[in-house]
Amino acid sequence: MTDAPITGLTLAADIAAGRSSAVAALDGHLARIAEREDEIHAFNLVTADQARAAAESIDQRLAAGEDVGPLAGVPVALKDNMCTEGVATTCSSRILEGWIPPYDATVVQKLEAAGAVMVGKTNLDEFAMGSSTENSAFGPTLNPLDTSRVPGGSSGGSAAAVAAGFAPLSLGSDTGGSIRQPAALCGVVGMKPSYGAVSRYGLIAFASSLDQIGPFTHDVADSAALFEVIAGHDPQDSTSIPHQALTDAGVLSVSERLSEGVDGLRVGVISELMGSIDGFEPEVLAQTRAAADALAGAGAKVDEVSIPSAIYGLSAYYLIAPAEASSNLARYDGVRYGHREQGKANTGLMMSASRTAGFGAEVKRRIMLGTYGLSAGYHDAFYGKAQRVRTLIINDFERAYQDFDVLLSPTSPCVAFPFGAKADPLTMYLNDVATIPSNLAGHPALSVPFGTGADNMPVGVQVLAPMLGEAVMYQVAAEIERAAVAAGGAS
Amino acid sequence: MSDPTEHGLTRDEVAKVAALAMLELTDDELTTFTGQLAAVLEHAKDVEALDVADVPPTNHPYPLTNVFRVDDAAAVSVEDKERMRQAVLATAPEAEDQQFMVPPALGEEL
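The listed protein sequences correspond, in order, to chains B and U.
Last residue of the first sequence: 491 (this note's numbering), numbering continuous.
Last residue of the second sequence: 1110 (this note's numbering), numbering continuous.
This is chain U alone, in the form it adopts within the complex (with noise of 0.2 Å):
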């Protein structure tokens, strides 16, 4: 594949990431969308003028590692794990049997 920073971006491109990212546009939103993403990333090429070939990349600000609890359960009674259950699902967009419900997971129906 030849530098993706080299070429614009297209129409069909932004099609392809709002699919990815769930996101449904029209086609205005898309022109839209298209050339300001374009804009960004056209900015952002400014980048290649550093040579950071031999750089060490940063994800995290802060040395920390492999942080871990002691594996004891939380002393939760009983009542307080039913009523956070309870404040849960009652914030839910639909719920039964302390399960979330959505419609089928498969094919258009049922």
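Bound-form chain B, shown alone (with noise of 0.2 Å):
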């Protein structure tokens, strides 16, 4: 593992070029999978034989001189909630263990229309509710880079693939951070885009209002180009965004803005996110304040501005979330689909039997956490009261937005920590305090690594824009990785 990481943009120009082939590129990949999977366990399943199907096929498409897409040959590797026609896809819950999709999600097709290989499927927190990937009922995710640490979560396969070089490019799911407090912990790019921007059709909801797909990548480069291919307007989600809005905005050119600097910009670092909250480490403080130096050096005017509202981020997501997600699992009855308890006298007791067994203790949490939350006489109090404050943190977030093109604050308020440092439920969800409100107000947020905290681990710093922001968002990330390249401190 000592050669820079090859990217994504990279290998596609190599195999478009003859200098490298699509069966190449899965082979380097596959034999780095050999080497380090079995210590890792970044995947579910690596779909080697199909990979190498479709890899032999563009070989031959590129050789006959079609344009097969701008991903040609690229391996990726998407995370296990993301359906895949005749691939299993488990969520890494025993209740959809065997379970074979019958449709791609929209994100897979596009994938596979832009050229790029599927190597595999990644593990994940049980239905994407961790911040550690310890709640997949098919063991942890070491981070490849200290493998007494967790990758982070719940998308901590598809982070540990790119980190470990298994594929140049994957996606996760982002619900409260899933995606970008990942990529912090393992050192590589993540982004959250808009919600509606990616279409979330085939991709397992966990709660609703907050899932969004979004890629994780070696640099901002790649991370724009993946998130090119994945956005777009789908028929097939009701909550997908009209196209002419996301072009209206730049949304689905972002990568010409990589190269523009940031003179002028307005980039504002949120106070409530740089100490004034328990748990964040000051090496994590210090990294983030030197990328807002560094931006201020290219250019850009850095100031800092009061999101009060969102601290109570946090405790609005804890009741916003659990709630979705207890209605969005009812459908796990083991009557249509997934794990079904044998020998139950009645239809009530086999669909609870197969519950019980089906699911991990995260899972019920969360279940009873949002049953409670939406049951008689308690609904006002809990959900209706969430939903309140949810709009308090997109009025701060407007106001904000009146004298900032960007926001900055760290990703996570610590870097990757030990297995079993977060047994306690509550202790984990605080990890979320910084990337959840993005998700509250159906913003883009991105992790980019800047620098080493603690231990010489990874520290992420999170961009964060408005509604269909990702082009100024990618602009102020490019200059961040630019400052950390040349301070050397990239990881």
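Some clues are possibly wrong.
What the hints assert, rightly or not - Partial pick of chain B residues on the chain U-facing surface, computed with a CB cut under 8 Å:
#1 P102
#2 H233
#3 V335
#4 R336
#5 S352
#6 R365
#7 T371
#8 V389
#9 L392
Hints are computed from structural coordinates only; laboratory data are not their basis.
C-beta atoms are modelled at their ideal positions from N, C-alpha and C, and glycine is treated no differently.
Build the complex from these two chains, which are given one at a time in their own frames, with help from the hints.
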């Protein structure tokens, strides 16, 4: 692992120019998987045979002079909560073990149309509920940078797959930080798009008003390229943003902005997420300040900004997300798909027994929390109030974006932590405090590596932007990345 | 009813919620979950400091309403329909005559 990782765009250019081939690219990555996957456990399933057939077909089409797409021959890993026709999709849950989806998610179709080659389905906290991948029913994923530590979560397998060189690109899903936090902990780039910019068709639902699919990559340019491939209106998703709104905002052409620099842009550093809440490591705060200084040095106007309601986001999230989850996960009852307990005298007993055997402890906790918050007599005090707090957060962001183009904060309060260090559920939830507000508001946010913190582990800096503000968000992230490389602190 | 956020969560309430959610808990699990869920709800009390009486609720981050498609049947061939039906039934726990099979829905036994 001494070589600098090869990026997806470099690989695509090499394959397109004939300097490499889809099969050679696949073999290189499968070799790395063979070397370290037993130790890391990034995947629930490696689809080597299927990938080889796809890569051979792409090489043949390239040889015939066809335009195969912008990611022709580039390996990509998918979080195992995205439906893949004919390939098992588990959500890292016993309740879906053995289930074979009869259709592809829209993002899977888009990747295939772009020429990408799927190498496998990555591990996650069961049903994307967690921040460490310790909640997977199939065992945790290890952080490739230090295997005594978690990779973050819930998309820990996708983050680890990129960090370990198993695939240059991967997709995760982000409901409260599940792309950005593992990206920060594994030293890669992770991005949550504006709600509705990427289709959720075929993404197995956790909390439908918060879930978004987004990319993991080694660098910002790859992230922009992969986002452009998966973004776009989809009539199959009723919450998908219309094509015209996406193009008007420049959401589908973010790569053009990467080299523009930040001269004159206004950057607000969120004061509530810079130490007024307990648990933020001093090194993480110092790196975030250094990133802000680097932007100022490149010509941006940097100032502190207050988002007073940000600190209430955590409470609102842990009432809203479990409420939606308790409704979404009611479908797992052993009737139409997934695990069924045998030998039960009636359907009701079969359903309860199947759910009890199929779900892990964290999923049960959240289903019960959501059921409680929605039940008669409690709905207004919990769920209703949380929805009003959600409005406050959106209003606070709106006010801030009158004065600033983007906002800045740490992605995670801490660097990657040892396994078992946050065994208490509430302690684990507190880890999401900086990422949750963007999900509640539906806004895009990106984590970009910037130097290291305690024990030489990578720090991620979060760039937040207003609804459909992906273009300026990527513009600023690219500048932070340039500063990190110049400082020699890029991981 | 008094303000439900003012009293701590009880074992009985958690047992009731588990039953509503179709989950069976052992006594030990009931104790553990009650403590953990009470801690989360206790933390969530911080929102009580906010006056939100006049704030409208948000249930969705992007203003889309009434998204309809054209009411045309999708152009799917008879063969494709049959293939999709078979694919769905193939992963069902139990199926017969193109239907999902379950134990008796009413009573202990037929």
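key: Status of the T371(B) interface restraint (C-beta, 8 Å, chain U)   = 5 Å, holds
inquiry  = Take the shortest C-beta to C-beta distance between H233(B) and chain U; is it under 8 Å?
reply    = This interface hint is violated because 11 Å lies over the 8 Å limit.
inquiry  = Would the hint on S352(B) be counted as holding, given a Cβ-Cβ threshold of 8 Å to chain U?
reply    = 5 Å, holds
message = So, as I understand it, the hint says V389(B) touches chain U; can you test that by seeing if any CB pair is closer than 8 Å?
response = 5 Å, holds
query = Is the interface hint for L392(B) satisfied, with its Cβ closer than 8 Å to some Cβ of chain U?
reply = Holds, about 6 Å.
ask   = If you take the shortest Cβ to Cβ gap from V335(B) to chain U, is it below 8 Å?
value = 6 Å, holds
key: R336(B) as chain U interface residue, shortest Cβ-Cβ below 8 Å   = 5 Å, holds
query = Given P102(B) as an interface hint, is the shortest Cβ-Cβ distance to chain U below 8 Å?
reply = 4 Å, holds
inquiry  = Take the shortest C-beta to C-beta distance between R365(B) and chain U; is it under 8 Å?
reply    = For R365(B), the interface hint holds, since the closest Cβ of chain U sits about 6 Å away, which is under 8 Å.
When each numbered hint is compared with the structure, a violation occurs for hint 2 only.
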